[in-house]
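Q: Below, each chain spelled out in residue letters.
There are 2 protein chains.
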Amino acid sequence: MSESLANTIAAVQDKLRLTPDSARVSFQSSSRLQSGFRSEVSIRQHALVVDEPTALGGSDSGPNPIEMLLAALGACQEITYRAYATAMHIPLDSVAVRLTGDIDLRGFFGVNDAIRAGFHKIHGEVHITSSASAAELARLKAAVDSHCPVLDMLSTPVPVTLALITD
Amino acid sequence: MSESLANTIAAVQDKLRLTPDSARVSFQSSSRLQSGFRSEVSIRQHALVVDEPTALGGSDSGPNPIEMLLAALGACQEITYRAYATAMHIPLDSVAVRLTGDIDLRGFFGVNDAIRAGFHKIHGEVHITSSASAAELARLKAAVDSHCPVLDMLSTPVPVTLALITD
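Which chain is which? The protein sequence lines are H and F, in order. Position 44 of the first sequence, counting from 1, maps to 44 under my numbering, and the rest follow consecutively. Position 120 of the second sequence, counting from 1, maps to 120 under my numbering, and the rest follow consecutively.
Just so you know, the hints here were simulated from the structure itself, not pulled from any lab data.
Identical chains blur together in the list; that is why a pair holds if it fits in one copy or across any two.
Quick list of in silico lysine-lysine cross-link-like pairs, BS3-like style, CA-CA up to 30 Å: (1) K15 / K121; (2) K15 / K141; (3) K141 / K121.
All chains, full assembly: derive it from the sequences and hints.
A: Laid out in structure tokens, this is it:
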């Protein structure tokens with residue numbers, strides 16, 4: 001597994017070096033609100049349901065959008081740990097992430113516009129099993145945190161353009 | 001539905017005004033990497049699978065983390081449109097979102113560290129059906145874009161603290 005993953009990563013890196021145009025790709029998602037706050041999302045062949053808890057007016061048929069963002073960050077950290085541990089030849093037997101996002105709902109609900117709408121802080125733990133030295137693990141964490149795409153997008157603003165279209 | 005949602009929103013706003021401490025809440029996610037790049041996520045009673053496409057070394061058993069982030073943004077826009085349309089008494093019959101994120105994979109793969117790891121741009125369309133005037137819809141879009149939690153977190157950095165723990 002690890003050997004084949006190392007080969008895949010090396011092959012992708014070689015390809016991106018040789019043909020930089022192949023590095024520029026796009027990802028898509030499509031979603032549509034159903035009744036209440038329930039949204040059905042399509043991503044390629046994958047389907048997701050997003051909703052709000054009942055206390056926030058939803059029917060709780062799925063995680064809410066900010067929980068989805070935590071899930072995206074957790075999985076992104078894990079995948080980036082495995083990719084960089086493999087590429088750096090650092091042993092990594094398991095990786096699991098627990099995250100908490102702290103929010104003040106007065107922002108979203110427009111009760112106090114001085115309060116931001118999203119999480120004011122995200123904190124958590126990355127649990128790993130590894131026989132690597134503390135120094136190797138510190139190098140691994142630094143490599144992961146500077147190459148994790150979702151962490152990057154929470155740390156450095158992403159330009160977002162949304163056109164409102166009346167059908 | 002709309003009347004009951006309006007009552008729920010008004011009740012939540014009243015509660016947040018009267019007891020600001022109740023506005024400070026937290027959300028969590030827990031995930032664990034399985035074989036390859038497949039991650040299983042738990043959010044309260046909800047389960048999700050995140051993975052990478054085969055071209056990126058995964059087994060494609062779910063959307064990848066940056067697709068999940070697009071899904072979170074799309075659903076967040078939709079929910080915020082319904083919440084603010086309801087609260088502002090602006091008619092809104094449907095809302096659907098299509099998003100595209102543009103990335104240069106040389107960032108994530110460490111081929112060129114001048115290139116960011118995440119999307120350098122997110123763009124898309126919010127499609128609505130509504131009998132409201134153009135002016136009302138412009139007011140609605142402004143309210144949504146300034147109160148959408150996921151859009152806020154892509155626009156203004158969120159402090160993230162991740163402790164690496166060796167089990």
